[in-house]
Amino acid sequence: MAGQSGKVVAVDGGHGLRAKLEAMGIRPGVKITKVSGQIMRGPVIAKIGSTQVAIGFGMASRVIVDI
Amino acid sequence: MGNPNVGKSVIFSRLTGVRVIASNYPGTTVEFCQGCIGSGAHKIDVVDVPGTYSLEPTSPAEKVAVAMLEKAIQAQDSIVVNVVDATNLERNLNLSLQLSKKDIPVIIALNLWDEAKHIGITIDVKGLEKILEMPVIPTVAITGEGVKELVTRLGEAKRGSYVFDDAERWHEVGRIVDRVQVIKHKHHTLAERIGDLTIHPWTGIPTAVVVLFALFFVIRLIGEGLITFLTQPFFEGIWAPVMMQVSRFLGTDTFIHKIVIGQLFDGAIDFGQSFGILTTGLFVPFGAVLPYIVAFYLVLSILEDSGYLPRLAILLDNTLHAIGLHGMAIVPMFLACGCNVPGVLATRILETKRERFIAATLMSISIPCMAQTAMIIGLLGKYGARGIFPVFLTLFLVWLVIGNILRLLVKGESPEIFTEIPAYRLPHFATLIKKVWMRIQWFLKEAVPFVLLGVLIVNLLYAIGVFEFLGRIIGPLTGRVLGLPFEAVGALLIGFLRKDLAVGMLAPLNLPVKQLVIACVVLTMSFPCIATFAVLLRELGIVDMLKAAAIMLCSAVAVGALLNLIM
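Residue numbers (the working numbering), protein chains in the order written: chain A, 677 to 743; chain B, -12 to 554.
The hints are simulated quantities; they were obtained by calculation from the structure and are not laboratory data. Each hint should be verified, as a subset may be incorrect.
Ranges of calculated distance between the beta carbons of each label pair, as one might list FRET restraints [to be verified]:
(1) B/Ala309 to A/Gly705: 36 to 42 Å
(2) B/Thr306 to A/Ala686: 29 to 35 Å
(3) A/Gly705 to B/Arg146: 27 to 33 Å
(4) B/Phe221 to A/Ala695: 55 to 61 Å
(5) B/Ala201 to A/Gly705: 40 to 46 Å
(6) B/Tyr149 to A/Ala695: 19 to 25 Å
(7) A/Ala695 to B/Thr215: 54 to 60 Å
(8) B/Thr339 to A/Gly705: 29 to 35 Å
(9) B/Gly131 to A/Arg738: 39 to 45 Å
(10) B/Thr215 to A/Gly692: 53 to 59 Å
(11) B/Ile420 to A/Gly689: 41 to 47 Å
(12) A/Ala686 to B/Phe483: 51 to 57 Å
Heads up, simulated DSS-like pairs for lysine-lysine below, C-alpha to C-alpha not over 30 Å straight-line [unchecked claim]:
(13) A/Lys683 to B/Lys171
(14) A/Lys707 to A/Lys723
(15) B/Lys88 to A/Lys707
(16) B/Lys245 to B/Lys432
(17) B/Lys171 to A/Lys707
(18) A/Lys707 to B/Lys113
(19) A/Lys707 to B/Lys117
(20) A/Lys710 to B/Lys104
(21) B/Lys117 to B/Lys135
(22) B/Lys88 to B/Lys145
(23) B/Lys88 to A/Lys723
(24) A/Lys710 to A/Lys683
(25) A/Lys683 to B/Lys104
(26) B/Lys171 to A/Lys710
(27) A/Lys683 to A/Lys723
(28) B/Lys113 to B/Lys145
(29) B/Lys398 to B/Lys50
(30) B/Lys501 to B/Lys369
(31) B/Lys135 to B/Lys145
(32) A/Lys723 to B/Lys113
(33) B/Lys340 to B/Lys58
(34) A/Lys723 to B/Lys104
(35) B/Lys58 to B/Lys88
(36) A/Lys710 to A/Lys723
(37) A/Lys723 to B/Lys171
(38) B/Lys145 to B/Lys30
(39) B/Lys135 to B/Lys89
(40) B/Lys369 to B/Lys245
Computed from a predicted model, the values in this text were never measured in an experiment. Yeah, the Cβ is synthetic: ideal placement off N, Cα and C, and Gly gets one too.
Throw the hints in and build the complete structure from the sequences for me.
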């Protein structure tokens, strides 16, 4: 839900995806806040630290977050 | 070097005086750019490279950056100026620590220092210097603050000696940040509130529609305004009398008159139709196209610097998925509306070959450059919506349909959107004007010689009867399939040289609206102009380039024939 935050538990994906997300600061243990979603499974907008990132729906669903 | 959208290009411009395009979205710079500071024995070469989040590149633009770094390490005579976004210290230091493991001296420019202060972030610069054992200089690149200090301390750049385990890099970053950074909690700023509204779907989509319509309206308003009140009066009032003198001097029946002045209509020059080098040849780029170029780049630059483009990318992500791309592909598409050449170059921000092929082909097919758009509006404007609307609606539908077909046919992967959303920033006026001016200069340098050359070639080909000959050969085909008279064949061929000039060649033919619409659409879709052709060849390689060209020709004929049937 928009506005909720939680801790990233794991990234369910291969090395490529993990490296890509990690380079932007999305890695296990980090606090992440969902800012907004889009209709029809559009990208999810999340906030890590002071960075806002748009993440494709499929990619976002691989980021497992503990609320 | 540094993360995307931290202001590397602005620092580079400040250091070297070399002007490069900088904008407020990740991925403005896709190529490296060279300049220098000082002179003589103290001359230092400075290279601006595309941004990257890590030293494991994912897009061609990032690969350029990493390759440049490797080259610099091998040369053993270079240092890295690591530009760090002070508002995003943690993520940026990740790259800094990776750099510190490399065998090259590093100096850190802590950029966006003013913005960090503004949002309540304080960083202990001395502390950071001590931990990293590298010089750290706070800078505000846009105003030039700190850049002088950066230059005087370049010599202090040091090889990283901070010892850490690479697997624990983020952990280390966290430790450093905890020690040097204090964040005071601040309430939502106005920019953040606007930011949120423009990405929430229910408020963002209507905003996007309003913004896009406003853009077209403003471009048209400025473009038409400049033509009506500036370029038209100049050409009609000042230039025409001068040219009439020249005309009398040359004698109306001479060959040189035909080339320089062109044809007279009722004893007067018609800048749209005379087709001499000094009449139509100058009027097309300066009188008709330049006003729209100014208008478009002014609007585009404001859009770029404000930070709205990435938000538009998110809202349009689904639409672009329909053509096998993701939202960020809107950036090259937008640039292509100005000129296809920077549009094709900007496809480097896309990660896979498939995406780049689709984006480059699609923009060459269905996005007319601003020069061509200006001429189309000039030609069809007098018929109002009935003339202009069918052209752009057709092109938009072509974009969707061919994009969809390409998505199904082109093999390969299209990853999902994954991009940083920059903070909204108020465009810095002087920087903005400089950028618009750079782009206008670029247009003048690239376009004017080609248009003049084009007019010369057109006249020569007419004089020796080449167009007549080709018209007779290809004419029956274009006549039957596209419903165009054989005189239009010349315009379609010249389209390879300059599309704006080609549209101009339709003016003297006195075609009815239907034929004008078909000709404009076919001209846009068929072969790209020579400049676009060259850049496509370089970016896609010869095989893909030929594939793209074949798609263009086939679809141009198919769509032209279809329009001829249904209109």
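For each hint, the structure was consulted:
1. Distance hint check: the CB atoms of alanine 309 of chain B and glycine 705 of chain A are about 37 Å apart, consistent with the given range 36 to 42 Å.
2. Distance hint check: the CB atoms of threonine 306 of chain B and alanine 686 of chain A are about 32 Å apart, consistent with the given range 29 to 35 Å.
3. Against the hinted window of 27 to 33 Å, the Cβ-Cβ separation of glycine 705 of chain A and arginine 146 of chain B comes to about 30 Å, which satisfies the hint.
4. Here the CB-CB span from phenylalanine 221 of chain B to alanine 695 of chain A is close to 57 Å, well matched to the stated 55 to 61 Å.
5. Range check, alanine 201 of chain B to glycine 705 of chain A: about 44 Å between beta-carbon atoms, so the 40 to 46 Å window is met.
6. For the pair tyrosine 149 of chain B and alanine 695 of chain A, the beta carbons lie near 22 Å from each other, so the given range of 19 to 25 Å is met.
7. The hinted window of 54 to 60 Å between alanine 695 of chain A and threonine 215 of chain B holds, with their beta carbons roughly 55 Å apart.
8. Taking 29 to 35 Å as the suggested C-beta distance range, the pair threonine 339 of chain B and glycine 705 of chain A conforms, at roughly 30 Å.
9. The given range of 39 to 45 Å is respected by glycine 131 of chain B and arginine 738 of chain A, whose C-beta atoms sit roughly 43 Å from each other.
10. In this structure the hint that threonine 215 of chain B and glycine 692 of chain A lie 53 to 59 Å apart at CB holds, the actual value being about 55 Å.
11. Separation of isoleucine 420 of chain B from glycine 689 of chain A is about 45 Å and conforms to the stated range, judged on CB atoms against 41 to 47 Å.
12. Here the CB-CB span from alanine 686 of chain A to phenylalanine 483 of chain B is close to 55 Å, well matched to the stated 51 to 57 Å.
13. This hinted pair checks out: lysine 683 of chain A and lysine 171 of chain B have alpha carbons roughly 22 Å apart, not beyond 30 Å.
14. Restraint check: the Cα-Cα separation between lysine 707 of chain A and lysine 723 of chain A comes to about 9 Å, which is no more than 30 Å; the hinted pair holds.
15. Restraint check for lysine 88 of chain B and lysine 707 of chain A: satisfied, since their Cα atoms lie roughly 27 Å apart, inside the 30 Å limit.
16. At roughly 25 Å between alpha-carbon atoms, lysine 245 of chain B and lysine 432 of chain B fall within 30 Å of each other, so this suggested pair holds.
17. With a CA separation close to 18 Å, the supplied pair lysine 171 of chain B and lysine 707 of chain A stays within the 30 Å bound.
18. Note on lysine 707 of chain A and lysine 113 of chain B: the hinted pairing holds, with a Cα-Cα distance of about 28 Å set against a maximum of 30 Å.
19. For the given pair, lysine 707 of chain A sits about 28 Å from lysine 117 of chain B by alpha-carbon distance, which is consistent with the 30 Å threshold.
20. Among the hinted pairs, lysine 710 of chain A with lysine 104 of chain B is consistent with the structure: their alpha-carbon atoms are about 25 Å apart, no more than 30 Å.
21. About 21 Å separates the Cα atoms of lysine 117 of chain B and lysine 135 of chain B, which keeps this hinted pair within 30 Å; it holds.
22. Between lysine 88 of chain B and lysine 145 of chain B the CA atoms are separated by roughly 12 Å; this keeps the pair inside 30 Å, and the hint holds.
23. A hinted pair counts as satisfied when its Cα atoms are at most 30 Å apart, and lysine 88 of chain B with lysine 723 of chain A qualifies at roughly 29 Å.
24. Straight-line distance between C-alpha atoms of lysine 710 of chain A and lysine 683 of chain A comes to about 11 Å, which keeps the hinted pair within the 30 Å bound.
25. For the given pair, lysine 683 of chain A sits about 27 Å from lysine 104 of chain B by alpha-carbon distance, which is consistent with the 30 Å threshold.
26. Only pairs whose Cα atoms come within 30 Å are accepted, and lysine 171 of chain B paired with lysine 710 of chain A is accepted, the gap being roughly 22 Å.
27. Distance check on the hinted pair: lysine 683 of chain A and lysine 723 of chain A sit about 12 Å apart at the alpha-carbon level, within 30 Å; holds.
28. A threshold of 30 Å between alpha carbons decides the hint, and for lysine 113 of chain B with lysine 145 of chain B the separation of about 15 Å falls inside it, so the pair holds.
29. Distance check on the hinted pair: lysine 398 of chain B and lysine 50 of chain B sit about 23 Å apart at the alpha-carbon level, within 30 Å; holds.
30. With a CA separation close to 14 Å, the supplied pair lysine 501 of chain B and lysine 369 of chain B stays within the 30 Å bound.
31. For the suggested pair lysine 135 of chain B and lysine 145 of chain B, the alpha carbons sit about 19 Å apart, so the restraint of at most 30 Å is met.
32. The hinted pair formed by lysine 723 of chain A and lysine 113 of chain B meets the criterion: a straight-line CA distance of about 29 Å does not exceed 30 Å.
33. For the given pair, lysine 340 of chain B sits about 25 Å from lysine 58 of chain B by alpha-carbon distance, which is consistent with the 30 Å threshold.
34. Taking the CA atoms of lysine 723 of chain A and lysine 104 of chain B, the gap is near 20 Å; set against the 30 Å cutoff, the hint holds.
35. Taken as a hint, the lysine 58 of chain B and lysine 88 of chain B pair is honoured in the structure, with Cα atoms around 16 Å apart against an allowance of 30 Å.
36. About 6 Å separates the Cα atoms of lysine 710 of chain A and lysine 723 of chain A, which keeps this hinted pair within 30 Å; it holds.
37. A hinted pair counts as satisfied when its Cα atoms are at most 30 Å apart, and lysine 723 of chain A with lysine 171 of chain B qualifies at roughly 18 Å.
38. With a C-alpha separation of about 20 Å, the suggested pair lysine 145 of chain B and lysine 30 of chain B falls inside the 30 Å cut-off, and the hint holds.
39. A hinted pair counts as satisfied when its Cα atoms are at most 30 Å apart, and lysine 135 of chain B with lysine 89 of chain B qualifies at roughly 26 Å.
40. Simply put, lysine 369 of chain B and lysine 245 of chain B have alpha-carbon atoms about 28 Å apart, close enough for the 30 Å limit, and the pair holds.
Comparing the model with each earlier hint shows no violations; every hint is respected.
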